[in-house]
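J.: Residue numbers (the numbering used here), protein chains in the order written: chain A, 1 to 255; chain B, 1 to 217; chain C, 1 to 221; chain D, 1 to 240; chain E, 1 to 240.
Calculated directly from the structure, the hints in this document are not laboratory data. It is possible that part of the hints are untrue.
Here are the computed lysine-lysine pairs in the DSS-like style, where the Cα-Cα straight-line distance is at most 30 Å [what the hints assert, rightly or not]:
1. E/K131 with E/K78
2. D/K129 with B/K212
3. A/K10 with C/K9
4. E/K228 with E/K68
5. C/K115 with E/K119
6. A/K93 with C/K115
7. D/K119 with B/K212
8. A/K141 with C/K59
9. E/K211 with E/K228
10. E/K78 with E/K18
11. D/K107 with D/K26
12. A/K113 with A/K10
13. E/K197 with C/K115
14. C/K115 with E/K74
15. B/K212 with C/K115
16. A/K196 with A/K141
17. A/K125 with A/K93
18. E/K197 with E/K78
19. D/K119 with D/K107
20. E/K78 with E/K26
21. A/K93 with A/K113
22. C/K59 with B/K212
23. E/K107 with E/K68
24. E/K131 with E/K68
25. A/K123 with A/K113
26. D/K104 with D/K131
27. D/K131 with D/K26
28. A/K113 with A/K125
29. E/K26 with E/K74
Per the computed footprint, the stretches of chain B lying under chain D, defined by three or more beta-carbons under 8 Å from a beta-carbon of chain D, are [said to hold, decoys possible]:
30. 81-92
31. 96-106
Even for Gly, the Cβ is constructed at its ideal location relative to N, Cα and C.
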Amino acid sequence: AMTAPAFADKLDDIIASGTLRCAVVLDFPPMGMRDESNNPIGFDVDYCNDLAAALGVTAEIVETPFPERIPALMSGRVDVGVASTSDTLERAKTVGMSIPYYAFENAVVANDKVEMTTWEDMKGKTVGATAGTYEAIWLEKQVNEWGEGSFRPYQTQADVFLALSQGQLDATVSTVEVANANVKSGNFPGIRVVDKAPMVPDYVALFTMRNEYGLINYLNLFVNQQVRTGRYAELYKKWVGEGEPANLAIPGVYR
Amino acid sequence: MFDTALTAADFVFLAKGAGVTIIVTLISVLAGTILGILFGVFRYQVGAIWAAPLTFVLDIFRSIPLLIQLVLANAFIGTILQIRISGFTVACIVLSMYTAAFCSEIVRGGIEAVPATTRRAARSLGMTWGQDMREIVLPLATRVALPSWIGLALGVMKDSALVYVVQVTELLKSTQILITRLQEPLLLLLICGAFYFVISFPLARFGGYLEKRWSND
Amino acid sequence: MFNYTFQWKQALARLPQMLDGAIVTMQIAILSMAIGILLAVVLTMFRLSGNRALSAIAKTWVEIARNTPALFQIYMAHFGLGSFGIHLSPFASILLGITFNNAGYLTENFRGALKAIPDTQTRAGRSLGFGAAGAFRYIVLPQMLRISFLPMTNQMVWAILMTSLGVTVGMNSDLYGVTQDLNALTFRTFELFAVAAVIFYLITKVITLGARLVASRLFRY
Amino acid sequence: MIEIENVRKSFGSLEVLKGIDLTVQKGEVVTIIGGSGSGKSTLLTCINGLEPIDSGRILVDGTEVHAKGTDLNKLRRKIGIVFQQFNAFPHLTVLENVTLAQRKVLKRSRAEAEAEAVKQLNHVGLGDKLKVYPGRLSGGQQQRMAIARALAMSPDYMLFDEVTSALDPQLVGEVLDTLRMLAGEGMTMICVTHEMKFAREVSDRVAFFHKGVMAEIAPPEQLFGNPKDTELQKFLSATH
Amino acid sequence: MIEIENVRKSFGSLEVLKGIDLTVQKGEVVTIIGGSGSGKSTLLTCINGLEPIDSGRILVDGTEVHAKGTDLNKLRRKIGIVFQQFNAFPHLTVLENVTLAQRKVLKRSRAEAEAEAVKQLNHVGLGDKLKVYPGRLSGGQQQRMAIARALAMSPDYMLFDEVTSALDPQLVGEVLDTLRMLAGEGMTMICVTHEMKFAREVSDRVAFFHKGVMAEIAPPEQLFGNPKDTELQKFLSATH
Ligand SMILES: Nc1ncnc2c1ncn2[C@@H]1O[C@H](COP(=O)(O)OP(=O)(O)OP(=O)(O)O)[C@@H](O)[C@H]1O
Ligand SMILES: Nc1ncnc2c1ncn2[C@@H]1O[C@H](COP(=O)(O)OP(=O)(O)OP(=O)(O)O)[C@@H](O)[C@H]1O
Ligand SMILES: [Mg+2]
Ligand SMILES: [Mg+2]
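Same shape as in the complex, but just chain A:
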């Protein structure tokens, strides 16, 4: 129902309504997935819960496939996206991005039956990725540059790995975290990580409506606080594993 006038500050709205609705992608382990009883879990889910706690409201996780993240926000279905969203300039024309809250490296994952040692062996192969993601946009451009092979976008990360495991795809590019998690899980037999993809690290941001400066400010501070308080590292350890989480500051530039 119509709860708030359209131009009230969203931050106020959220606090007033008592719920924070986050768009989260749930087929993107370890960032978003489901446990045995099909409840949402993962890095992004916890991140949303933390944000809600900071705001003093309860979190509501709205599952959105990758291509539906922005439409879900634009149609007012969610307040904030905590959905591993790359902060591209093209997208920033439409939505407002916070500072990065995570950074992915991408890896090339291949089917075992396919000969492949470096990322460049993808040339001429059938490759795919999740429609609407950073790596999909990169990979499609790459395939077009090579001028051979074909690119297939699937609607969900799971469909990509299903297709890869079935042998419908020769290779895919996905974040290292997702790749490792999927290879380890044993859910997708017959796949392996081949190489890192030579992409600029995929900085991902929280996002909300472009004109919600109050909320964007709040999100920026929240991300900063997560790192400062060590919660960022804690979550990394919980969901990704041992090691150092990526540095979110880019040397040599302000933001």
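Following the hints, position chains B, C, D and E with the ligands against chain A.
T.: Frame of chain A; chains B, C, D and E with the ligands shown alone:
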């Protein structure tokens, strides 16, 4: 035959999805049918020319993919009008209009199948337009329209599989979620297909039976 | 009036790409109809053959096609068959899925049409020395196709609309796929999909009007 | 009393009634004969207001049918009409066919309506078909049911539009007998018919329509015995 | 020569032909009369092998119709048959109706087939309807077209099954005239008919069927003038 990791909880989860499918279908078919009857009667009553704007609008719902209707309605209501409503509501609104568009055709066809002379006879007995509609046209048109209407309702149930684009977790989406976790696509898809089949098949048969029975007299 | 700025230019600038997508959409629909009609004729003959196994195949096909969602059928064509190691490209998968659906619905239509053709037509044909196949081919079939022409047109429109489901099997060159791709780049959801909707609408209108024209030339009796 | 005064009526560019004048007194039986398309049916449907008219006026017991404020539904209760096509309501039993309008229009109770229906159905000889659906009846039986249905509304006037033309020859008699009976009971009736023998027998006056004009009207002996209008002469000689 | 020897045929438990014996010589015209359901149509469809038989045999020019190895499609080219229902192919013009089987079955060239078709259509008086679709023809014209269609296959025998029963009375004559013409030309024919006058006129012999039995067969003068079978006597007195 299948060695599966599927748990009872997962079946509950699937059943919930099926429940959503059924609820969305029921709401949309109900609302769509009421609207469809209103539109159909209106179109019949005012004639092709005056009904043209309505006919045009309804035709749009039959001429563009439901997926696009859902995306557009979602974007329009949320992004442009900035009204906060749930995906479930959007799904029901779009599916209702979609149902109404087809239903109004069925209704109009049903009314047209009632011979004008029979209606004249009713009016000659002093019955009002409303009485004629209720006592004569409705029962007679229903016989013509019901089999098609059953087909429409089942079609809406099957098409409701597309409401996943507005974040409604219905049966097929639930299945996909389980596939994501369990990676048993074939088994899960078969369960999902079987569910649709089990609901659709008997009703479709029933529709066929009615059609046969009523076309004989 | 709206607290939203439309950016139609962004969408219109992509029109050429979308029109290319529309052509792919048409290709899928036309191919799936052509093959679907052939298959439906074969399935209809299976039904008429009196052979239990053949008519069971036809019946099963029809009931599955009519009683499960098209999305499900397309998903099955890709990932279902994939489970058996049968790998179809997105194009082949969507084509197979829609063709399967078309064939099922058309077979049912043909059955209705056949009921409307008196059995004495076949008898008359046989009496002239036609074999069973000849009588079907020259006498029953043309009449059957004529009666089913309108339902076939409707099915063609359905086929066009169903191509939008190709995205679930990795299709990105059809109209819906192209639109979705563009949306991922620019996030102008409403503008892009509105343009796609208009294109879809025009295609279906052209098809229905074209079919009417064809019918008036083809069926003069 | 039905008073028809200079009634004109066109369908598009086709003038179907070209100034008809006719007054039917209480208890009178007027038959209308004439060629196909001469406007006979149209006149009947104008009388009970099913069709609008272009000019002139029609008064039923002093009420102008096509006046603005006239309650047509109320007026139509006074005027029973039976058409050429059997207009049985196929989804209702014979009894329900006859009770429906009584209950919905006259607001009679079910018991009252059924009593009246049984009476009228017995009257037309269908007392044993109460629970049957019309689909099971012969054409003649359906027409008699339609007559009973109209009579059950206790009309003051009855209009009959070629009620026997769609019937097989052997069924015509049973329906005409019913009409004869009604005429004998003093019902005011306008009958459009092609049955000359019947017209001659029951009518007080017979009107001959030709191309939208009432070319002649006279008592039957005179009209049949000594027709003046040349078209009527042609018509009569063709039908013999 | 058509030889029918002790043919029996049942549909389920209903025995429709109870041992029929009949020999039709080249050039002979045999008419079959009899009540509805007596098995007349069934016999004709057995002769050209459209229906199987239970026992007995049927020989056409010495070939046993229901024997295993018989090429029925070939045999049927010898035997033209025209049915009670008009079996025009509605999707083809009159000319195409008559050329189709010639071209596809007899493998005649289009030109040859059309020449033959025009000849036969002229023969039955439809020379001016070549490009018309059957839906535009009257029932009688459709039946004559069906006759031309059968004749174009150059059959040695013609079977006619009540070809006038579905026709309006005024159209019966034109079709019977066509049959008379054929009989006059020496065609071997078996005609099932209800037209007694016609049967009397053209037949060499008339057979009377009753409940699956050929109760009497004789030249027309004898059969009509002096019927022996009591059922035949009843039948004839009923039809007069
Ligand atoms: N609703 C209508 N719209 C247009 N023309 C009509 C309509 N009803 C009747 N007509 C025309 O009006 C003329 C008179 O029709 P009407 O039915 O009154 O003739 P009729 O005398 O009853 O003939 P019949 O003996 O054939 O019943 C005819 O030419 C008919 O075609
Ligand atoms: N295909 C069939 N299946 C079952 N019964 C049949 C079939 N064809 C004919 N019959 C029955 O066989 C009997 C003889 O039929 P047939 O058509 O030979 O009669 P007929 O002498 O030609 O009668 P009519 O003068 O009515 O044409 C009838 O009782 C009919 O119902
Ligand atoms: Mg009339
Ligand atoms: Mg017969």
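J.: Check each numbered hint against the structure and report the violated ones by number, ascending.
T.: 4, 5, 6, 7, 8, 12, 13, 17, 21, 24, 27, 30 and 31
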